[in-house]
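J.: This is what each chain is made of:
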Amino acid sequence: MIQARGLVQTFRSREGRKKTEVRAVDGVDLDVAEGEVVGFLGPNGAGKTTTLRMLTTLLRPTEGTATVAGFDVVTQSEQVRRSIGYVSQTGGAFSSARAGDEVVDHGMLYGMRGADATRRGKELFEQLDLDGLWTRMPKNMSGGQRRRLDIAMGLIHDPTLVFLDEPTTGLDPQARANLWEHIADLRRRRGATVFLTTHYLDEADHLSDRIVIIDHGRIVASDSAENLKANISGDLVDLELASAGDVTSAARRLGSMAEPGRGGAEAVEVDGFHVRARVAQAGRAVPGLLADLSRADITLESIEVHRPTLDDVFLTLTGRSLRDAQETTTDGAGPGEPAPPATPALVRQEQ
Amino acid sequence: MQFLRESFIVFRRQLRMNLRNPAWVIIGMLQPVMYLFLFGPLLKPLIGQLGVENEYTFFVPGMLVQLGIFGAFFAGFSLIGEWREGVIEAERVTPASRTALLVGRLVRDLLQLLVQAGILVGLGYLLGMTGSARGIVFGVLLTLLVGGACAAASNALALTTKSEDVMAPVINMVMMPVLLLSGILLPMTLGPQWLQSVSDWMPFKWVTDGVRTSFSGDFARDPMLYGTAWAAVLFVLSLWWGTATFRRENA
Ligand SMILES: Nc1ncnc2c1ncn2[C@@H]1O[C@H](COP(=O)(O)OP(=O)(O)O)[C@@H](O)[C@H]1O
Ligand SMILES: [Mg+2]
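For the record, the sequence lines run as chains A and B.
No gaps in the numbering here: position 301 of the first sequence is 301 in the working numbering, and each next residue is one more.
No gaps in the numbering here: position 223 of the second sequence is 1223 in the working numbering, and each next residue is one more.
Calculated from the structure, these hints are not laboratory results.
Below, computed lysine-lysine pairings styled on DSS-like, alpha-carbon distance capped at 30 angstroms:
1) A:Lys18 / B:Lys1162
2) A:Lys139 / A:Lys122
3) B:Lys1162 / A:Lys139
4) B:Lys1162 / A:Lys19
Owing to the predicted nature of the structure, the values given are computational and were not obtained by experimental measurement.
From just these sequences and the hints, can you work out the full model?
T.: Below you can see the structure in the form of structure tokens.
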């Protein structure tokens, strides 16, 4: 459904006198098969929206080619537009217009007859739990309702390929969980191919068959969440010691079984009373470690073993955790992008 | 055909949103009324110099152009709000013609102008304005042309700047010389020669003169020709610029 080769987008921006060229997307190759749900994961400013805007014909690629739904995005942009639905990061319904009117007008711009667009719109409202909101203005809707309205607009002409840009950013956890159901329904009920961007690890993990990770405009990985995690060597073993005097000795013992550190980091990380390291097959190794520590009279306050998470995948691939990447690129937020919520982003998932 | 349909969908959506806002309707109606009743009387003592029997014969055409230009200059501001909410992007992702996205909005602005022109001319008549019916119709058409040009330019500027804070000073900077050099409020012939020469460079002065001449029914005079030509040129250029901004990928 999507095939992109060497997509590049450069933006010229000016700060004062200084002109800079930003390579927002830097040679992206993508292949998405029919019926696939692909999560496009990356920190803010990684180039997700820019890639999506090129694939949806809103932005002409500086370099590279892409075919979407069988049509070239540059030379056959009109056919591409007919075949796809796009729900942008900011949505598309005007806050002081009536929801139903916006949806119907949108459908009519696709060439639908008014009556057809109305019937289809009402059907979508029902499916997306928007019953009774036909004449409500988006400004009087909850965040989740607004987002579902955006999705209804994107689906009005029954596209077989749907692009969703950060569908749940800014929503509370309940609204997110609810929206996930609806996104999963896109394929379950309609057989649609879905390409969604997110900077939430759990979202990519939960929704997609395959995760494509982008950082600084480049694709750094593309695989199922399972495989991505399986390729990470070792589980994280986190020891909390009862006394500070034991830290060095415990670190040496843990270090003897640990995997080498990543990106030049030490294999063993010491943090106050905590000693951490990656250990292959930790479930088998830990009993021996415990016996070793107790022989040396080292008392543990606690021990935790974490299976690898997507954040670990990101760390392995880029040398930074997604959380850090997020903090250093907060200026990458698009216009009118709601501030990221404090809690649910990047929660580490233990399995 | 498809283009007309798409323009109509965009126009209907804009009109629907505007009509739901009573402030828009009331201010739109009150503007011409206030100008006529609060500014018109100031011209009465000048009747001799203006070369007309009734001050409104001079004043109504000028007001018409003023409404056409200035009302339309502000048309772009609502577009910035729409852009910020993602409406423009959502429209651009449909197969609809980019020109239709602009033209639908222009038609809304022109409809507003037409209603205002109706009020202005009607009240002007009641207040003693004289003029030829044919000339008035043509004068209003000329105003719509120049109003459409300004509205298209305003929309283009809005999508280029994407910020009210950047756009407002630009509009103000353009508006000052237009207002002062077009002879909208007072005829440029009242001024010294140098000021008249400067105003010859102001396209809107020719349009104002053209509309005024048209109202008098005197189609054969030069200002008619220049005014019409300028209005047409401005319209074509602005429409081209406006469409280009809607088409541009980065809008
Ligand atoms: N219109 C633009 N002009 C200049 N720079 C832009 C523009 N759009 C995006 N960028 C820059 O390109 C980079 C990627 O942005 P974006 O694709 O929005 O990232 P994401 O969606 O992954 O958060 C960022 O550094 C951003 O500042
Ligand atoms: Mg984005």
